[in-house]
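> Required output: the full structure, derived from the provided sequences and hints.
Residue numbers (the numbering used here), protein chains in the order written: chain A, 1 to 180; chain B, 181 to 487.
Think of the hints as simulated: they come from the structure by calculation, not from any bench.
Heads up, none of these hints are tricks.
Taking CB as the label site, the calculated pair distances span:
#1 B:231 to A:172: 25 to 35 Å
#2 A:104 to B:245: 53 to 63 Å
#3 A:54 to B:215: 24 to 34 Å
#4 B:207 to A:176: 11 to 21 Å
#5 A:109 to B:222: 29 to 39 Å
#6 B:435 to A:47: 53 to 63 Å
Note that the coordinates shown come from a computational prediction; the quantities given were computed from them, not determined experimentally.
Idealized CB from N, CA, C, for every residue including glycine.
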Amino acid sequence: MARGKKTSDLKVFGATLQGFAQACINLNIVAGAKAENLLGEIEITGWYAFEKLREIEGVVLQAYENSAPILERVGMEMMLGWYNFGPGKEIIKRGVDFLHFQTGSQGYASVVKGPEELVGSFNLEFLDDKGGRARIISTTPFNKDLERGVIIGGMSAPGDLDFVDVKNDEDPQVFQIEFA
Amino acid sequence: MSLERFLESGGVPGKGDLTQEDLAKLFRKYRGLQKKHERDQAFWSATNENLRIAYEKLDEKERELAGTYAIIRDDLAVASRIQEALLPQVSEKMAAELEVAVYHKQLTEVGGDYYDFFSTCSGNYALGVFDISGHGVSAALVMTYLKAQFMTVLEQHDSPRVIVDWINNVSYEFLKTVKKYATVNFVVVDPEALRYVSGGGFGLLVSGSYNTTFEKRDSFLGLRRRAFHEYELPFREGDLLALYTDGIPEAQNEQGEDYSVRRLNELIISNAKRPVREILDHCLADYMGFRSKDSDDITLLIVRKKA
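See the structure below:
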C-alpha cells in the first residue's frame, strides 16, 4: 500500500456496490433482513468507502469454505445485471466489446476513484480478436475470483460468443482469456 | 440445412450435411458448454459443501439450544415450586372462622397473579388478590417483592388504606423502574365488617339478598403516587366474599366474546348458598365450558364467614 494514502480514500460507485449486493441476493448468498440491510443503505449514484464492498465480500468469504467459484458466479451475476438492467446494452453490442471497454482501464475507472496507487488498473493488455485470445492485467483491490467472473459475465452477456474461458491460476493479476 | 436448423429441429445431420464452418461452430459451442458445465459444477459443489457446513452448524446450535432450554426448564420448575410455596395455606385458626376456596393457575410455569392471607397487627385476617402486569419470571419476581413488603407493613398497621398506601409509596420508584404495576384488592376482615382497598381487580360481596361489587376508584399499585381509598361493608355470618383477577372474566370463547364479570358474578350469586368449594367448582366448570383457551393467569378466591 502506498505510504500516506489511506484505504478510506478509495471510493466505489454505488451502482457497482448495489450490483454486487444484488448479485449476492439473487444467488441466495444472503437473504432476509441481512439482504434488506445490504441494499437499503446504498444509493446508486453515491460513492462509498471501498471497505463497504469488502464488508459484502466478507459475507461470502465467511459463509463459504471454498469461496472462489461463488465469487466468480457473483461476478458473472453482477455483469448480467449490468447488461440487462444497467447501462451495459448501450456500451457493448458484442462480447468482445467488453474487452475493448477495458482499454486504458476506462471501464474500471468509471466505478472506482481515489489515489492512483490504491485504485490500480484493470487494463486490456492484448487482444487478438480473430484468434479469440486476450489478456487483462489487474492491479485493482478487487477480489480476483470476482474479477474473473466479471470478465466471463461481461463477455457472455450479449450472447454472441459460443465459448468464453478466463484463467488466472498462474498469476491472479493476469487474466488469460479465450473466446470464440 | 444450416447448423441452426439442425439444432432447432433436433434432427441428426448426415454425412456431408455440415460444412467445415458448421463443425467449427459446433466445436466452439461444445467447448462453451463444457466450460459452463465446469463452472456450474464448481459453483454447486461449493454451494453444496456450504450447505453441509450450515447443517452441521445448525445441529450444533440445536444441541446448544436444547442444553440451554433444559437449564431454563429446570430453573423454571424450581421457580414454579418456590412460587407455589410462597402462596399461603389456610391456617386451622382461619379455617375455624372462614370457609375458603381458591383456584389459582399461572399461564406459564411462573406468573403474576398472586393471592395471600395475612394477619394484621390487630390480629384481624387480611386477604389480598393481585395481578402483576405481564407474565412469567419478571411478574413472579415482583410478586415476591410485594409479598415481602406486605409482611413488613402488616406488623405495624391494620388499616387497608394505610397498608396499601405504604406499599405504593415504598414500591413506586422500583415498580416504575422495572416497568411493572399490579392490581390490588386488599381486604381486612373485622369481627362484623370488612374494610377494603380496590385498585383494579374484582370484588363481590353477597350478604343475604344484598350484593355489592367493590368500588374501583383507585389506580394500580406502582402506577401513581396517589392516596388510596378505604371502604367498609358489613360482613356477617354466612356472607360470601369473592375476589378475582381478570383471568376468568376477560377470557374469550371461539366467537371472541368475553366471559364477563357479569356472568361470573351472577353465577356466584345464584350459587351463594352452597359450600364455597362447590361454588368455585361450579364457576370453573362454567368457565372451562365457555373459554376457547386460557389467555391469562387466573385467581378466584371465595370466602364465607362461618357461624
